[in-house]
Amino acid sequence: MGEVLNKFDDIYSILARYGYTSLFLMDDRDHHQYRGFADYLVFGKIGLKREEDAANEKMLHLLTVTKMRGMAISSKTLFFEFTPSGIKGI
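What the sequence shown shows, in UniProt numbering, is residues 1 to 90, in sequence order.
Note that these hints are calculated values from the structure, not bench results. All C-beta atoms in this analysis are idealised placements derived from N, C-alpha and C, irrespective of residue type, glycine included. Some hints here could point you the wrong way.
Quick list of the computed label-pair ranges, beta carbon to beta carbon [as the list claims (entries may be wrong)]: (1) Gly19 to Leu60: 35 to 43 Å; (2) Tyr40 to Pro84: 20 to 28 Å; (3) Ala16 to Met59: 32 to 40 Å; (4) Gly19 to Lys88: 17 to 25 Å; (5) Leu5 to Ala54: 17 to 25 Å; (6) Leu15 to Leu60: 20 to 28 Å; (7) Glu57 to Thr83: 31 to 39 Å.
Computed list of lysine to any residue pairs in SDA-like fashion (alpha-carbon distance at most 25 Å, straight line) [stated by the list, open to error]: (8) Lys88 to Tyr34; (9) Lys76 to Glu51; (10) Lys76 to Gly19; (11) Lys45 to Gln33; (12) Lys67 to Pro84; (13) Lys76 to Gly89; (14) Lys76 to Arg17; (15) Lys45 to Asp27; (16) Lys67 to His31; (17) Lys76 to Glu52; (18) Lys76 to Lys88; (19) Lys45 to Asn56; (20) Lys58 to Ile73; (21) Lys58 to Gly19; (22) Lys76 to Asp10; (23) Lys58 to Thr77; (24) Lys58 to Thr83; (25) Lys67 to Ala55; (26) Lys49 to Gly19.
With these hints in hand, go ahead and build the complete structure from the sequences.
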């Protein structure tokens, strides 16, 4: 696991040196496998999840912002849907 974590750190450091923002996309399985390492490395963490709404037989799309350095964040979960014209909050 250490080799993979070092690669994350190397990529982050190189991009930061040139003033670029890095974006790491990770599924829950990998996030848990690496014990949340990326949470400590990044400036912000946005979670996108899907849950089944059994009452309406629909899939719900949820967005949470659990970390954003230097900003006050809400613990509120936002719901959204994909439309032909883009993502729409509901």
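Tested hints:
1. Remark: the range hint 35 to 43 Å for Gly19 to Leu60 is upheld by a beta-carbon distance near 37 Å.
2. Distance hint check: the CB atoms of Tyr40 and Pro84 are about 38 Å apart, inconsistent with the given range 20 to 28 Å.
3. A hinted range of 32 to 40 Å holds for the C-beta pair Ala16 and Met59, which are about 36 Å apart.
4. A C-beta distance of roughly 33 Å is found between Gly19 and Lys88, which places it outside the suggested range of 17 to 25 Å.
5. For the pair Leu5 and Ala54, the beta carbons lie near 38 Å from each other, so the given range of 17 to 25 Å is not met.
6. For the pair Leu15 and Leu60, the beta carbons lie near 33 Å from each other, so the given range of 20 to 28 Å is not met.
7. Here the CB-CB span from Glu57 to Thr83 is close to 19 Å, at odds with the stated 31 to 39 Å.
8. Distance hint between Lys88 and Tyr34 is unfulfilled; the C-alpha atoms sit about 32 Å from each other, more than 25 Å.
9. Under the criterion of a C-alpha separation no larger than 25 Å, the hint pairing Lys76 with Glu51 is consistent with the structure, at around 16 Å.
10. Note on Lys76 and Gly19: the hinted pairing is violated, with a Cα-Cα distance of about 31 Å set against a maximum of 25 Å.
11. Pair hint Lys45 plus Gln33 holds up; C-alpha atoms about 17 Å apart against a cutoff of 25 Å.
12. Taken as a hint, the Lys67 and Pro84 pair is broken in the structure, with Cα atoms around 30 Å apart against an allowance of 25 Å.
13. Restraint check for Lys76 and Gly89: the C-alpha separation of about 13 Å stays at or below 25 Å, so the hint holds.
14. Between Lys76 and Arg17, the direct Cα distance comes to roughly 34 Å. Violation of the 25 Å bound is thereby established for this hinted pair.
15. Pair hint Lys45 plus Asp27 holds up; C-alpha atoms about 12 Å apart against a cutoff of 25 Å.
16. Of the pairs offered as hints, the one joining Lys67 and His31 holds, with about 15 Å between alpha carbons and a cut-off of 25 Å not exceeded.
17. Of the pairs offered as hints, the one joining Lys76 and Glu52 holds, with about 19 Å between alpha carbons and a cut-off of 25 Å not exceeded.
18. For the proposed pair Lys76 and Lys88, the alpha carbon gap of about 17 Å is at most 25 Å, so the pair holds.
19. Between Lys45 and Asn56 the alpha-carbon distance is near 30 Å, which puts this suggested pair outside the 25 Å criterion.
20. Taken as a hint, the Lys58 and Ile73 pair is broken in the structure, with Cα atoms around 28 Å apart against an allowance of 25 Å.
21. A threshold of 25 Å between alpha carbons decides the hint, and for Lys58 with Gly19 the separation of about 42 Å lies outside it, so the pair is violated.
22. As the CA atoms of Lys76 and Asp10 are separated by approximately 33 Å, the hinted pair breaks the 25 Å bound.
23. Between Lys58 and Thr77 the alpha-carbon distance is near 17 Å, which keeps this suggested pair within the 25 Å criterion.
24. Distance restraint check for Lys58 and Thr83: the Cα-Cα separation of roughly 15 Å lies within the 25 Å cut-off, and the hinted pair is therefore satisfied.
25. Proximity of Lys67 to Ala55 is assessed by CA-CA distance (about 31 Å); at most 25 Å being required, the pair is judged violated.
26. With a C-alpha separation of about 30 Å, the suggested pair Lys49 and Gly19 falls outside the 25 Å cut-off, and the hint is violated.
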